[in-house]
Amino acid sequence: GAVVSQHPSRVICKSGTSVKIECRSLDFQATTMFWYRQFPKQSLMLMATSNEGSKATYEQGVEKDKFLINHASLTLSTLTVTSAHPEDSSFYICSASRQESTDTQYFGPGTRLTVL
Amino acid sequence: DQQVKQNSPSLSVQEGRISILNCDYTNSMFDYFLWYKKYPAEGPTFLISISSIKDKNEDGRFTVFLNKSAKHLSLHIVPSQPGDSAVYFCAANSNTGKLIFGQGTTLQVKP
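In order, the protein sequence lines correspond to chains A and B. Per our numbering, residue 1 is the first one in the first sequence, and the count goes up by one each step. Per our numbering, residue 117 is the first one in the second sequence, and the count goes up by one each step.
Since the hints were made in silico from the structure, they are not lab data. Keep in mind that the hints are not guaranteed to be accurate.
What the hints assert, rightly or not - As a list, the in silico DSSO-like pairs of lysine-lysine whose alpha-carbon atoms are at most 30 Å apart:
1. B:K187 to A:K14
2. B:K121 to B:K153
3. B:K154 to A:K66
4. A:K66 to B:K214
5. B:K184 to A:K64
6. A:K20 to A:K64
7. B:K187 to A:K41
8. B:K184 to B:K172
9. A:K14 to B:K121
10. B:K170 to B:K121
To be verified - A partial selection of chain A residues facing chain B, derived with a Cβ cut-off under 10 Å:
11. V4
12. T31
13. Y36
14. M45
15. T80
16. S95
17. G110
18. T114
19. V115
20. L116
Glycine included, every Cβ here is placed at the ideal spot set by N, Cα and C.
Sequences are here, hints too, so could you generate the full structure?
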C-alpha cells in the first residue's frame with residue numbers, strides 16, 4: 001500500500017495563533033513530500049515541495065515565513081501556519097512519493113483549517 | 117497559464133453506461149499523467165496513470181488513453197457505478213517531480 005496520514009483532520013483556531021499540521025507516510029519512505037491547498041470548488045494549488053533533511057522549495061507567491069515546513073525524516077513532514085488569519089482558512093493536503101518511484105504522489109486525507 | 121485543462125466542469129452519466137472524462141495539456145515536456153478521484157473534504161485518491169511512451173493503460177473498469185500528438189488524455193470508466201460519483205482530477209508530471217493539476221470534473225452517476 002501507500003498510505004499517507006494527516007493530523008489533525010480539522011482545526012479551528014483564533015486569528016494570530018499558529019497551527020501545525022503533520023503529514024506521515026505510514027507504510028513507505030517518502031523522498032519527497034508536497035503541500036497543497038485547495039479553495040472551494042478549485043483545483044489543488046501546490047504550495048511547496050520538501051525533501052528530507054533540506055529546506056523546502058516554495059512556489060511563487062507562497063510566503064515561506066508564513067508557512068513553515070519541516071521535513072525531519074523520510075516519513076514525516078510538518079506544515080506550520082504562523083500567525084494565522086481568516087484568509088488562511090482552507091483545506092490543506094499533503095502528498096508523498098516513494099523513494100523508488102517518484103512519478104506518483106499519494107495524498108493524505110487533508111486538514112480543514114478554519115481561522116476565526 | 118493553465119498547463120493542464122479539464123474543460124468540462126461536470127458530467128452526468130447513467131449507471132452502467134460509460135463515463136468519459138477528458139483532459140488537455142500544453143507542455144510537451146510532461147512525460148507522466150495521472151488521474152485522481154476526490155470526494156469532498158478528503159484527499160485525492162490515485163486511480164490510474166500512464167507514461168508518455170504508452171497510449172493506453174487499463175485497470176479494471178478504468179482505462180486511460182493518451183494521444184500525444186493532440187496533447188489529450190481521457191479516462192474511461194465502464195460500467196459506471198453510483199459510487200464513482202466524485203470529482204476527477206487529471207495531473208501531469210514533468211521531470212521536476214511536481215504535479216500540475218487540472219481544474220477537475222465532477223462526475224455524477226445516476227442510478
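(message) When the structure is checked against the list of hints, which entries are broken? Sort them ascending.
(response) 1, 5, 9, 15, 18, 19, 20
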